[in-house]
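Undergrad: Letter by letter, the chains look like this.
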Amino acid sequence: MLAELLPEVSDAELEQFIQVMLTQYGYDFRGYAPASLKRRLGSVIKKYGLPGLSMLNQRLLTQPDYLRYFINEITVSTTELFRDPTAWIALKVQALPPLFALPELRIWHVGASTGEEVLSMAILLKEIGLYERAQIFATDIDEISIEKARLARYPSRLKGLYQNNFRTVFPAGNFERYAKEEGGQLVFDSGLLQNVRFIKHNIVTEATFGSFEVILCRNLLIYFVPTLQDVVVGKLVDSLVPGGILMIGTKESLFWCSAAKRLMPVNDVERIYRKRR
Amino acid sequence: MRGHTGDVFLWLIGGSAGSFNPIRRALHQITYMPDVAIVLCLHRLRSPRLGMAEALGKLHGWEVLEPDDKTPIRGGQIYVAPADYHLLVEAEGYLSLSVEEPVHFSRPSIDVLLESVVQARWRRAAAALFSGANKDGAQGMYWMHKAGYFTAVQDPADAEIDTMPAAALALFEPDVKFRAEDFPKVLMQALTL
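Chains as they are written, first to last, in the numbering used here: chain B, 1 to 277; chain P, 1001 to 1193.
Any given hint could be a false lead.
Unchecked claim - Derived SDA-like pairs: lysine to any residue, alpha-carbon spacing no greater than 25 Å straight-line: (1) B/92 <-> P/1084; (2) B/46 <-> P/1171; (3) B/46 <-> P/1035; (4) P/1146 <-> B/238; (5) B/200 <-> B/131; (6) P/1146 <-> B/43; (7) B/126 <-> B/160; (8) P/1185 <-> P/1035; (9) B/159 <-> B/187.
To be verified - Over the 10 Å line for every Cβ pair with chain P, so calculated as not near, a few chain B residues: (10) 30; (11) 172; (12) 182; (13) 223.
These are computed hints drawn from the structure, not numbers from a lab.
Since the model is a prediction, treat every value here as computed from it, not as a measurement.
In this text, a Cβ means the ideal position worked out from N, Cα and C, and glycines have one as well.
Let's have the full structure, built from the sequences with the hints guiding it.
TA: Here it is, written out as structure tokens:
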């Protein structure tokens, strides 16, 4: 069967959508990369069988309760435990050791989605014996994803992938120590979330809230245009202590970001940086 | 700086199983063209981060790269879609990446790439679809065709696995149905239109 092209989103409708979100709800989509934003709006329109984006705009205006579901649909929640295992190895071996001696370790996951990255960090800290002195903040604009993250339960079918990634990072580690299968689900040990706070926060529109030794912001910047990438990375670097670590997605680049000169690479391939002192 | 929708001709090439070797051979036969950018969207294994650009080998004058997010589109470059990311063309003249859901079990998806070119209304572009074992790309080729871009589909009889080109031909009649050995000529033909 021939599927139709996702409904075309005109620039005027997109403009209206951006206005509605900004003025009614305070979400600022002006700096989102158009190709994927249009694509995601198109798939929401298609899912609800709406004739076009103006109807979706109408719905957003008249049904405030719909907003949280819409935010969940429009955001990309793809993530996994120890996604890009070699990047986690670099974090463990190259980036974190200089921070071992610090009395506390404040870590911020920006765009934490459904929580797998937070659990990866918690497991890493347990393995190297630093968990007790860590405070982990995990933020996202999507409260439905945050609720899932708090549960730390995932479909059992993901176990093979997650276990493999774990073993790549910790060849001698014991995955069962952290996650068990229970009723068709992979359930993570609640102790991993003991020092974690999940907070609804929008990095685009809201002020930052502290200083951190480590910030992870992976595969979020790809949804922003270069000018917004520049602003967001500026905020992240401002939030790092001197010597603090920034880790972005392995195909993300700081090419467009003026704050890049305040960083030096720890591992260029894995896109891990340290803030200059 | 180049990188506007106006002045770079975008040649988009999609394929899956059975497409890599014919595409590599064809690319080794084309001359360097500073106003043409080639974008390869080939299905591949998920894990290897490096490899395909190297596997293409050294091509006369062309620079082969796996683009990072927001890489400006420039002529004389061959962009290879990175594993496990969708690759999209932005009207502003750069390439974006996305990790949204796979399409036809594929990320990168050829449909997603081609659709983005149509949405961006890139001024001059053409697309070709090679051998493959699933239907990704068929709809994208159809959308390109409907939007008035030049399209070329490998002759299923010439393809190692005919599912992908046959799926496209079931939807529309492309400008050219080609044999892999003739692809360098097809590539040049599109530029003169």
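Undergrad: Taking the hints in turn, state whether each one holds.
TA: How the hints compare with the structure:
1. For a cut-off of 25 Å, the pair hint linking residue 92 of chain B to residue 1084 of chain P stands: about 23 Å separates their Cα positions.
2. Annotation: proposed proximity of residue 46 of chain B to residue 1171 of chain P holds, straight-line Cα distance about 21 Å (limit 25 Å).
3. Proximity of residue 46 of chain B to residue 1035 of chain P is assessed by CA-CA distance (about 37 Å); at most 25 Å being required, the pair is judged violated.
4. A threshold of 25 Å between alpha carbons decides the hint, and for residue 1146 of chain P with residue 238 of chain B the separation of about 48 Å lies outside it, so the pair is violated.
5. As the CA atoms of residue 200 of chain B and residue 131 of chain B are separated by approximately 23 Å, the hinted pair is consistent with the 25 Å bound.
6. At most 25 Å may separate the alpha-carbon atoms for a hinted pair to count; residue 1146 of chain P and residue 43 of chain B meet this at roughly 20 Å.
7. With a C-alpha separation of about 21 Å, the suggested pair residue 126 of chain B and residue 160 of chain B falls inside the 25 Å cut-off, and the hint holds.
8. With a CA separation close to 17 Å, the supplied pair residue 1185 of chain P and residue 1035 of chain P stays within the 25 Å bound.
9. At most 25 Å may separate the alpha-carbon atoms for a hinted pair to count; residue 159 of chain B and residue 187 of chain B meet this at roughly 10 Å.
10. Remark: the non-interface label on residue 30 of chain B is consistent with the geometry, its nearest Cβ contact in chain P lying 14 Å away (cut-off 10 Å).
11. Annotated as non-interface, residue 172 of chain B keeps its C-beta farther than 10 Å from every C-beta of chain P; the closest such distance is 22 Å.
12. No beta-carbon of chain P is positioned within 10 Å of the beta-carbon of residue 182 of chain B; the least distance is around 26 Å.
13. Residue 223 of chain B, annotated as away from the interface, has a beta carbon of chain P within 10 Å; the closest lies near 7 Å.
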